[in-house]
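Order-wise, the sequence lines are chains B and P. When the letters of the first sequence are read in order and numbered with my numbering, they come out as residues 40 to 521. When the letters of the second sequence are read in order and numbered with my numbering, they come out as residues -14 to 334.
One thing to keep in mind: the hints can contain errors.
Simulated crosslink set (BS3-like; lysine-lysine; CA at most 25 Å straight-line) [stated by the list, open to error]: (1) 4(P) <-> 412(B); (2) 459(B) <-> 435(B); (3) 459(B) <-> 319(B); (4) 289(B) <-> 45(B); (5) 287(P) <-> 429(B); (6) 108(B) <-> 287(P); (7) 266(B) <-> 360(B); (8) 412(B) <-> 397(B); (9) 360(B) <-> 270(B); (10) 108(B) <-> 345(B); (11) 102(B) <-> 247(B); (12) 345(B) <-> 412(B); (13) 37(P) <-> 412(B); (14) 488(B) <-> 4(P); (15) 108(B) <-> 107(P); (16) 81(P) <-> 37(P); (17) 288(B) <-> 45(B); (18) 459(B) <-> 4(P); (19) 55(P) <-> 4(P); (20) 219(B) <-> 247(B); (21) 4(P) <-> 123(P).
Cβ-Cβ distance ranges computed for the label pairs, FRET-style [as the list claims (entries may be wrong)]: (22) 384(B) <-> 42(P): 45 to 55 Å; (23) 101(B) <-> 236(P): 32 to 42 Å; (24) 498(B) <-> 12(P): 16 to 26 Å; (25) 143(P) <-> 150(B): 39 to 49 Å; (26) 46(P) <-> 420(B): 11 to 21 Å.
Think of the hints as simulated: they come from the structure by calculation, not from any bench. Just so you know, even glycine gets a beta-carbon here, dropped at the ideal spot from N, CA and C.
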Amino acid sequence: MAGTGKSTIARTIARKYHGLKRLGASFFFSRRGGDLGHAGKFFTTIAMQLANNSPALKDYICKAIDENKDIASQAFRDQWNQLVLRPLSMLTADSRLPPLILVIDALDECEGEEDVHTILQLLAETRGLGEIRLRILVTSRPETAIRLGFENIPSGEHENFILHNISESIIEHDLTVYFKHELTKIRRERGYPSDWPGDQTSQLLIQKAGGLFIWAATACLFIRDGKRVAKNRLSLILEGVTNGMPTEKKLDEIYLTILTDSISGDYNEGEEEKLCEIFKQIVGSIVTTFEALSAGALARLLEISKEEVNQTLHDLHSVLKIPKNSEESIHLLHPSFRDFLLNRERCWDHRFQIDEQKTHEVTFDRCLQLMRKSLRRDICGLHAPGTLVKDVRRDKVEQCLPTELQYACVYWVQHLQRSKARLCDDSRLHVFLQEHLLHWLEALSLLGKTSEGVLAIAFLESVTTVSDKLNIFNKSLLTYEY
Amino acid sequence: MSIKADESAHLHAFIHDAKRFTLYNRLIIEGAPLQIYFSALVFAPETSMVRKQFENQISHWIRRLPKTQKNWSSLLQTLEGHSGFVSAVTFSPDGKLMASGSHDHTVRLWDSATGAPRGTLKGHSHSVNAVAFSPNGKLVASGSYDYTVRLWDSATGVSRCTLEGHSGSVSVVAFSPDGKLVAYGSYDGTVRLWDWATGVLRGTLECHGANRIRTTLKVSAVAFSPDGKLVASGSGDGAVRLWDSATGASLRMFQVDTVISELSFSKEGPYLETNRGLLSIQSIFTGAFPLQPQLPCNIFVKEHWVAQNMENLLWLPSDYRPTCAAFRSNIFVLGHSSGRVTFMEFSSS
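Based on the sequences and whatever the hints tell you, model everything.
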């Protein structure tokens, strides 16, 4: 279930054990988080954190890397065995350490069922370590693959804790405490009388939250963000009957309230339509990009002015984490907001519905245009033909390939893949490849993403494959003979 | 997505060629991006659409381009087999077999004429770094990250014996000319001589001082002289050493400017044949000192690159890596194991 507070618990535990110097490592999976969305860098990240957090382990892990320089490209099992299990097993003789904690959040956001299985299986194998006790916290939605994965681990060796089975009275109590704390803060900030908002209102809020902490958090953020109109916002939230509604609907309701409020004002129909178009473009991109982008990068990618982006996002601070610095990336406060926007049944107001395929197509197009405009031979000015990637300074690459261009180079094919765009001869894609194929490969190499390029080209080949191969062959022969 | 044939035939053909181009050149694209406009284009086949499209990008200092294949070769298919990085390959003395060692922990044997697999040797618990055939071709020795050397019967694939209990991963192996000794070098900077029939360790040659950094310790090449009396070794810091195989005494050490990865004693004279050219070892016999290895002219092939002095100029794809090379003024000739000879000419500046 979304919004019961899994990630909050994971974060809290990670922070607490970090303070106690007992956090071995943490990994927070996130579907739209680039490398956080798959298992590719999971084991190496865990190993690096273990090395940084435990001086005793550091030597063993460094030694393992030293002896096996390409460990990062080897099988997950080898990575786990050599970078984590073996170093941990070597610790036994050294000293008795208190158990290290490993926190893994949102395993369900990790792409690829097989990889999820491998992760669970390998985690379970730490039980063979004997003396060194490693405690592992995994949070996840109960997806089938993950449930099955856990079923393969003997029940004595893991403990399930289902958040939405906690008794209502405990949750209600927690929500009461939370609302009281947050509303008091707002009351003080705005100088409201001490009886605001009153027991009855608080009770109503708790009922509306329906046990969802994300609802409570979103509501409080929305009210607080209203500043001078905080009271009105509270009323907006309390409007409408939600009793007896399924919990998910309650969450949808508050999201709609927030979105409606964000475009409320004295606009005529045409103006409102335009606002909604821009909303769909900007917020649509935020929820469909494969890696979180900053407001600045988004503006440059979509060719919308930065002011326009900022104004569109201005009233969305209760659903998006928007840093003050416009070059820092924007994150969703909760993944349920994305699910909501992309689902016509949940987001029934057509003004905010985001057509996922269409958004991908637009982004694909923008990526292509940006690359055509910016890519060129020797983009970093390296000159010497034999220059090795490893000798090119990172900051030079960052400077010559701004974030949005990096993004476009790595992800344009994935946007294309999820759109309905048609590929045909002399299309923009065709022209792009004829002009910039080599420049694009050069950029990917500088970014350390050559594999992504190979996969992208293989994908393009597969979708342009035609049934009558002989036919193409003859055609291309004809074409290239004159 | 459904796309009709007549809509994307040219696009498809171009993408297909782009895929061959990218896969074939993947290694160099990943390592040295500007070689996309040099090596990748220069060595692409004549009919490649990518080559035709971008031909005007080839630098003018390459005045005459090498004659390349007409079409993409079947290289993609012959790459398959190992599930990990291939770290070592060697031919049997009669040339009929080839052995490859891989990070997938196995050694594979291949028929060198057809490329057909002839067996997989399993037993190492870690990556295989080195493989060597015995002089009669009946045995294969393999050295691994798991600190062991194994000997195998090349006809049956049966493991004959294992040498265990060492302090470092094994990086190179070689048989003595009579096949009785195996010399193997390790990441810990030692070369050991092993009498495999009796299992007796005959000597340990320490290649390093006490305070060397680890990465430069690795023994990168080892070879016996034709009479078996000398052992030569190269290590990660560019040092080449000569030893007395009977006593283990170090006879000479000299430094070159590149890591020696290929090393053998010349049958013609007092030379070591290496990837850095011929190194004279005359002084071993005359007692002259200090020893000055004779370095070849300023253009040479160094670790897959054509280099001038210390600068890498042109990366050689696997098909173009030479088994021998010669230079006269600006003309440059590479001989290949396939029997092909490649000519190139550089402008004199």
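| field | Assessment of proposed distance window 11 to 21 Å (beta carbons of residue 46(P), residue 420(B)) | value | 19 Å, holds
| query | Does the alpha-carbon distance linking residue 108(B) and residue 107(P) stay inside the 25 Å limit? | reply | 22 Å, holds
| Would you say the C-beta atoms of residue 101(B) and residue 236(P) sit inside 32 to 42 Å of each other? | Given a distance of about 36 Å, which is inside 32 to 42 Å, the answer is holds.
| query | Has the given pair, residue 108(B) with residue 345(B), been kept, meaning a C-alpha gap of at most 25 Å? | reply | 44 Å, violated
| said: residue 288(B) and residue 45(B) were given as a pair; does the straight-line alpha-carbon distance stay at or below 25 Å? | reply: 20 Å, holds
| Given the hint that residue 287(P) pairs with residue 429(B), does the C-alpha gap stay at or below 25 Å? | 19 Å, holds
| message | Need the status of pair residue 81(P), residue 37(P): alpha-carbon distance at most 25 Å? | response | 39 Å, violated
| task | Would you check the hint for residue 55(P) and residue 4(P), treating anything up to 25 Å between C-alpha atoms as holding? | result | Holds - the C-alpha atoms of residue 4(P) and residue 55(P) are around 17 Å apart, at most 25 Å.
| Outcome of range test on Cβ distance (residue 498(B), residue 12(P); 16 to 26 Å) | Holds - the Cβ-Cβ distance for residue 498(B) and residue 12(P), about 21 Å, lies within 16 to 26 Å.
| said: Check the hint pairing residue 37(P) with residue 412(B) against an upper bound of 25 Å on the C-alpha distance. | reply: 23 Å, holds
| query | Between residue 4(P) and residue 412(B), is the straight-line Cα distance small enough, at 25 Å or below? | reply | 24 Å, holds
| said: With the threshold set at 25 Å, check whether the alpha-carbon distance from residue 4(P) to residue 123(P) stays at or below it. | reply: 41 Å, violated
Against the hints set out earlier in the document, violations occur for numbers 2, 10, 11, 16, 21.
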